[in-house]
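Peer 1: Using the hints, position chain B against chain A.
There are 2 protein chains.
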Amino acid sequence: MFECPECGKTYSRFRYFCRCGSVLLWKGKTLWNPEGEGVWRYSGMLPPVKERISMGEGWTPLVKNRDFVRKYPEMYYKFEGDNPTGSFKDRGTALVISHALGEGYGKVGVASTGNMGASVAAYSAYANISAEVFVPEDTPPQKITQIIAYGARVRKVKGTFSECFSKLWENRRKYYIAMTGVNPYYLEGEKTVAFEIFEEIGVPDTVVVPVGTGGLFTAVWKGFKELKQAGASKKLPVMVGVQAEGFSPIVRAWEEGLDRFPMPDPGRHTIASSIAVKEPFNGWTAIDAVNESKGFFCSVTDNQILRAMKKLAAEGIFAEPASAATLAAVEKEIGRTDERIVLLVTGHGLKQPAAYARINH
Amino acid sequence: MFECPECGKTYSRFRYFCRCGSVLLWKGKTLWNPEGEGVWRYSGMLPPVKERISMGEGWTPLVKNRDFVRKYPEMYYKFEGDNPTGSFKDRGTALVISHALGEGYGKVGVASTGNMGASVAAYSAYANISAEVFVPEDTPPQKITQIIAYGARVRKVKGTFSECFSKLWENRRKYYIAMTGVNPYYLEGEKTVAFEIFEEIGVPDTVVVPVGTGGLFTAVWKGFKELKQAGASKKLPVMVGVQAEGFSPIVRAWEEGLDRFPMPDPGRHTIASSIAVKEPFNGWTAIDAVNESKGFFCSVTDNQILRAMKKLAAEGIFAEPASAATLAAVEKEIGRTDERIVLLVTGHGLKQPAAYARINH
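Taken in sequence, the protein lines are chains A and B. Here my numbering is used: the first residue of the first sequence is 65, the next is one more, and so on. Here my numbering is used: the first residue of the second sequence is 65, the next is one more, and so on.
Check each hint, because a few of them may be wrong.
Because identical chains share one entry, a pair is satisfied inside a single copy or across any pair of copies.
Calculated pairs, DSS-like style, for lysine-lysine (alpha carbon to alpha carbon, straight line, at most 27 Å) [what the hints assert, rightly or not]:
{"id": "1", "residue 1": "Lys374", "residue 2": "Lys171"}
{"id": "2", "residue 1": "Lys238", "residue 2": "Lys374"}
{"id": "3", "residue 1": "Lys128", "residue 2": "Lys114"}
{"id": "4", "residue 1": "Lys135", "residue 2": "Lys374"}
{"id": "5", "residue 1": "Lys171", "residue 2": "Lys128"}
{"id": "6", "residue 1": "Lys135", "residue 2": "Lys231"}
{"id": "7", "residue 1": "Lys114", "residue 2": "Lys220"}
{"id": "8", "residue 1": "Lys128", "residue 2": "Lys374"}
{"id": "9", "residue 1": "Lys114", "residue 2": "Lys91"}
{"id": "10", "residue 1": "Lys171", "residue 2": "Lys238"}
{"id": "11", "residue 1": "Lys220", "residue 2": "Lys374"}
{"id": "12", "residue 1": "Lys135", "residue 2": "Lys375"}
{"id": "13", "residue 1": "Lys396", "residue 2": "Lys358"}
{"id": "14", "residue 1": "Lys358", "residue 2": "Lys135"}
{"id": "15", "residue 1": "Lys289", "residue 2": "Lys114"}
{"id": "16", "residue 1": "Lys73", "residue 2": "Lys93"}
{"id": "17", "residue 1": "Lys220", "residue 2": "Lys375"}
Don't read these hints as lab results, they were simulated from the structure.
Just chain A, with the same shape it has in the complex (with noise of 0.2 Å):
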């Protein structure tokens, strides 16, 4: 059954948003069994679907911060970078193109900051189903390559996220839209990095997100709850999000109490490319999950977390600026803690290696 999370109406068939213009979640009988591997190890806690595609996504490494003795002696890096397309994505994907292969479509679209759509362009590839990916012009030229590799069609749009999204939308007969915030078969994918903390450590006290989109956000908090709904776990952590500066509306209507989310300045950029989006589809389910949660949301600045990169590739971890952004986000919002905090590393520093070279070493 799909749930609207903002009118509470249901619809037992998928479809792409609620009549009343929200995003859909998906809301179903859950059972804690992990067994096997790739996100089909969680399927007593996700959607049934008629095939299911795997290319090894997730059981990514829980990485212990190495300064240990220092000012955060349980911090962990959960390094998303080691999936099969070098981004968190994969897991939603599975789920998304498991489905669309299920339902027999054959050509899939996306709207993309890079790494959605280097991820679904892979999985279609492996599922032998066509893609289309529209992505913003000055995406990190590494992560069009990867997608025209797969073999998928690239459209490069004069704008932001928002605008490739508008794209694909005018032309949505033509595709199976296997995006998130559209799609909600991918937040469920999602969620399993979520799972896969519990296993490893059993429930945090606090996760650090990067949000551009909200989807990632979320989803882990939607794992989270499930897994205490289904029994397996007591307790529920501290979500905190993290926004760039310039490109930060749900940092922002969360802490003015906007009903709506506000326009970034025309011509903003950000180094955290994959988080730059203006109009975020799960915005308000991440705001949710912030107050639910008694968590918060952040905005950091690119000096911020330029200098958070390369705090974190001297402990030998390699990410893209937009995962960087967590670590600068608990070191300006969270100071010495001697609490359980997990970072999610939601791309690989090979994404984007350029943003290296703006760091002096």
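Peer 2: Relative to the frame of chain A, chain B by itself:
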């Protein structure tokens, strides 16, 4: 105990080479009791060390060839790109840097075509050991960026891997030398890829490996042999090694029965930069492995590699060129078969994306 595969001499204490000039291999008690994560899952099969560090290396996807009804119904890709630094090297590095840390070394040195350098830089950073990396000046820029990001010092050398090693060896008193061929702990980590394949699908009929120094090839064979010695398995795979045309000293020595490795013509170049090695440290042990396993070596051209890169990516596997050499070899030398074949995809395509610009889509 460390044993010379050439003259048979043994050493109880760690050292880089045998007095006869050959590499050394570790030999010791083995116990098959896999448990836990990273390379230490197989600690019963590994040499003892005083410290154990892991960044979550290993347990990489074994992805079944999509075209299962066609030419190769039982072909798998072992995708080593899903290691912390994007290549299989992390397995060996986990052992080597653990050993260095346990013995109290503060500085490591390595010569590398890029992947080993990035891996040693990352694990050294994690272990708080300083690292110096000698690379050929034409190493792909992503790899150099990555090494620098981890905080290691990069020394660019005019020439190939062999000239890099000469420079490192001149300075050997300054470092713990953390590289394959020289340091026997390296192969001990790398052999864990055989253990994982065995846990997932048993012993395959054939394993196909890209060959530069011959280290990984030697390690995979050692791993399967030790599984049999430990009583865990009953059979051994046929080993197939692939080099790039123009950099194929092992192929030529094996085919022509030479007693030394022939030098490539000066100025030769291959797109498969990570296996562009003139003087293969583990060449003789690799030749022993092919002969013992009744396998073979072959070489493939850059054009064959480029075609294989395109085919692999069209199945969702984005590999660096050296890795795609394995598929090129299967298509050239093996043809249609029902055998269970595993191809080692040693590095992520994001390590060398420029190579994909040379493919016609």
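Peer 1: A separate judgement is required for each hint: does it hold in the structure or not?
Peer 2: Status of the hints after comparison with the structure:
1. Taking the shortest Cα distances, lysine 374 and lysine 171 sit within 27 Å of each other only across copies (20 Å), while inside one copy they are farther apart (40 Å).
2. In this assembly of identical chains, the alpha carbons of lysine 238 and lysine 374 lie at most 27 Å apart only when taken from different copies (26 Å versus 43 Å within one copy).
3. Taking the closest pair of Cα atoms, lysine 128 and lysine 114 come within 27 Å of each other only across two copies (19 Å); inside a single copy the shortest separation is 38 Å, beyond that limit.
4. In this assembly of identical chains, lysine 135 and lysine 374 lie within 27 Å of each other by CA distance solely inside one copy; the values are 17 Å within and 47 Å between copies.
5. Taking identical chains as interchangeable, the C-alpha atoms of lysine 171 and lysine 128 lie at most 27 Å apart only when they sit on different chains, with a minimum of 22 Å there against 41 Å within one chain.
6. For the identical chains of this complex, lysine 135 and lysine 231 are neighbours neither inside a copy (46 Å) nor across copies (40 Å), given an alpha-carbon limit of 27 Å.
7. With identical chains, the CA atoms of lysine 114 and lysine 220 are never at most 27 Å apart, being 33 Å at best within one copy and 53 Å at best between copies.
8. Within a single copy, lysine 128 and lysine 374 get their C-alpha atoms as close as 17 Å, which meets the 27 Å cut-off; across copies the closest is 37 Å, which misses it.
9. In the homo-oligomer, the alpha carbons of lysine 114 and lysine 91 lie at most 27 Å apart inside one protomer (18 Å), although the nearest pairing across protomers, at 49 Å, exceeds that limit.
10. In this homomeric assembly, lysine 171 and lysine 238 come within 27 Å of each other (Cα to Cα) only inside a single copy, at 8 Å, whereas the closest approach across copies is 58 Å.
11. Taking the closest pair of Cα atoms, lysine 220 and lysine 374 come within 27 Å of each other only across two copies (22 Å); inside a single copy the shortest separation is 31 Å, beyond that limit.
12. With identical chains, the CA atoms of lysine 135 and lysine 375 are at most 27 Å apart within one copy only, with a shortest distance of 13 Å there and 48 Å across copies.
13. Within a single copy, lysine 396 and lysine 358 get their C-alpha atoms as close as 18 Å, which meets the 27 Å cut-off; across copies the closest is 60 Å, which misses it.
14. Within a single copy, lysine 358 and lysine 135 get their C-alpha atoms as close as 23 Å, which meets the 27 Å cut-off; across copies the closest is 56 Å, which misses it.
15. Proximity of lysine 289 to lysine 114 under the C-alpha cut-off of 27 Å is restricted to the intra-copy arrangement: shortest distance 26 Å within a copy versus 41 Å between copies.
16. In this assembly of identical chains, the alpha carbons of lysine 73 and lysine 93 lie at most 27 Å apart only when taken from the same copy (18 Å versus 64 Å across copies).
17. Taking identical chains as interchangeable, the C-alpha atoms of lysine 220 and lysine 375 lie at most 27 Å apart only when they sit on different chains, with a minimum of 24 Å there against 33 Å within one chain.
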